[in-house]
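So the chains spell out like this:
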Amino acid sequence: MNARNPPEPGWFVGVEPGDVEAVARGIRDGHATESSDWPGRALESGFAEDEEEYYELLHGATIRAARAEVARRESADDRQLAHAIRALDDCTRTSNEIAERVAEWAGTHDEDARVDMEYVREVAEGAGEDPVEQRLSALATRTAELDDEADELRRFVERSAPDVAPNLSALAGPVLAARLISLAGGLEALARMPSGTVQVLGAEDALFAHLRGNAPSPKHGVIFTHEAVRGTTREHRGSAARALAGKLTIAARVDHYSGDYRPELEAELADRIERIRARDGA
Amino acid sequence: MTLPEGVEHRSIGGETGLATRGDPVYGEPTDGEWRRWDPHRSKLGAMLTKDIDTGLAGDDTVLYLGAASGTTVSHVVDFAGPTYAVEFAARPMRDLLSVAESRDRLFPLLKDVRSPETYAHVVEPVDAIVQDVATRGQARVAVENRQFLHDDGQLVLAIKARSEDVTRDPEAVFQDAIETLEETYEILATERLEPYHDDHLAVVAQPE
Ligand SMILES: C[S@@+](CC[C@H](N)C(=O)[O-])C[C@H]1O[C@@H](n2cnc3c(N)ncnc32)[C@H](O)[C@@H]1O
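Here the protein sequences come in this chain order: U and L. Residue numbering for the first sequence follows my numbering, starting at 1 and increasing by one per position. Residue numbering for the second sequence follows my numbering, starting at 283 and increasing by one per position.
Any given hint might turn out to be false.
[As the list claims (entries may be wrong)] With the C-beta cut set under 8 angstroms, the calculated list includes, among others, these residues of chain U facing chain L: (1) TRP11; (2) HIS31; (3) ALA32; (4) SER35; (5) ASP37; (6) GLU69; (7) ARG73; (8) GLY259; (9) ASP260; (10) TYR261; (11) PRO263; (12) GLU264; (13) GLU268; (14) ASP271.
[Stated by the list, open to error] Heads up, incomplete: computed chain L residues facing chain U, CB under 10 angstroms, no partners named: (15) ALA350; (16) ALA367; (17) GLU369; (18) ALA371; (19) ARG373; (20) PRO374; (21) ARG376; (22) ARG387; (23) GLU399; (24) THR400; (25) VAL405; (26) THR417; (27) ARG418; (28) LYS442.
[What the hints assert, rightly or not] Beyond 12 angstroms from chain U on every Cβ pair, some chain L residues (computed): (29) GLY288; (30) GLU290; (31) TYR308; (32) GLU315; (33) ILE334; (34) GLU464; (35) LEU470.
Since the hints were made in silico from the structure, they are not lab data. Glycine included, C-beta positions come from ideal geometry on N, C-alpha and C.
Given these sequences and hints, build the entire structure.
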């Protein structure tokens, strides 16, 4: 519109009109802070002969870009996501376990030894001549690498969960969404579960103890990590967990059966939780 | 008469209603080149049926926000000029792609309307923005996309109350939305879309 600053490149800048892949990439990855008379500028720069040709190229490019992106998202697969979240949990658990070993071992000659990743990274840095220190530092290095891999896996989960299950990820957050899919054994299995089962997913030990008759029935499983439950006072947590599980179940069904994004689910959940918490005041 | 050129009231299969000329898309009744535009399935269709003056003239350049599978957009390209259709969910986009394939002035964009910078390198300034996103912050979306509108262009917006807050009185929700819109727009008309769509407000506005 008003090109005050040096003009930003449109989607067609720096690509050959005949290179359909590059043109589609321009649509997908490009950006600009401001709209501009792109058809006019494309003609000026010689990208297209006339308006007719410009729109023809734009038509082909937008369709190609959107189709490629749709295919990429739809191939996002719930099994890969389930493996990734399990691998993430393995890396976290194992790195914590070895970090304890590192701290215990290092404690024999360093009184400041402590069980955390920062300390592990310090130990990894220092390698002396001493054969014990060498082993210790090598062990610390591998622990830190495992911890780095856990971070990478978390980023992967955060990126791919919204493609696999957009509504569930919006409601639960990508990591919890992945965890529920993993515990259920897939998105379809999750979508078929009654919400009472979703509510206690991840609390199987407590549930079996209850069924054997020596424990109260668990009110929530992994969904306990959700703010809607954790941020609710103890006496109302059961209701919050039930409400949350109900919405998560609906989200998983929408994701599995239709794939549309339904932003109103978030508003509905927020409203339910607010009401449950308001019972306190009454 | 406030219908854009290329949109007419016509009798098709014994029933009179809006129609445009183009290939059928969703199983709507046809008569020769004309096809029925069902106001129950389209907020813009409901606006035109209710004779709301949208300012759309026919042949306009359009930015359509929230295109879904293309039910309404397909009618828009029948009468408008180049039409940019933004939708960010993959599933409806697949249907929108087949609508776009046979319509060479329809440009589908798989983008998030809350991030205009991700399509500002593609979308030219337009005569009209038609918005139907049914997501939280609908007025904010219209404000953030103002940059695409010519100074004398028109915003044609449908606001769904339930998308903002399921429990509040729709009138209160609409009031808030109007206030937000007034940051950048002058409101020309508002009207509820009953009986075609419950708790939806149509807003026609122009950049201030
Ligand atoms: C009510 S439907 C639109 C129906 C369509 N206008 C018609 O009449 O054919 C709303 C659409 O907006 C889309 N949507 C919601 N939030 C969006 C966002 N932030 N960016 C892009 N599209 C969005 C949804 O995926 C959905 O397809």
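GLY288(L) and chain U, when compared Cβ to Cβ, separated by more than 12 angstroms: Given that every Cβ of chain U is farther than 12 angstroms from that of GLY288(L), nearest at about 18 angstroms, it holds.
Proposed interface contact between ARG373(L) and chain U, which counts if any beta carbon pair is under 10 angstroms: Hint on ARG373(L): holds, closest Cβ of chain U at ~3 angstroms, below 10 angstroms.
Non-interface claim for TYR308(L) versus chain U (Cβ beyond 12 angstroms): 16 angstroms, holds
Residue hint GLU69(U), partner chain L, criterion CB-CB below 8 angstroms: 5 angstroms, holds
Hint check, GLU264(U) versus chain L [nearest Cβ-Cβ separation less than 8 angstroms]: Hint holds; GLU264(U) Cβ to chain L Cβ min 5 angstroms, cut 8 angstroms.
Chain U contact restraint for ARG376(L) - C-beta distance below 10 angstroms: 6 angstroms, holds
Evaluation of the interface hint that places ALA32(U) against chain L, nearest CB under 8 angstroms: This interface hint holds because 4 angstroms falls under the 8 angstroms limit.
Status of the ASP271(U) interface restraint (C-beta, 8 angstroms, chain L): 5 angstroms, holds
Minimum Cβ-Cβ distance from GLU315(L) to chain U exceeds 12 angstroms: 22 angstroms, holds
Interface hint for SER35(U), Cβ within 8 angstroms of any Cβ on chain L: For SER35(U), the interface hint holds, since the closest Cβ of chain L sits about 5 angstroms away, which is under 8 angstroms.
Hinted contact LYS442(L) with chain U - closest CB pair below 10 angstroms: 8 angstroms, holds
Supplied contact hint for ARG73(U), tested at 8 angstroms Cβ to chain L: 4 angstroms, holds
In this structure, every one of the numbered hints holds.
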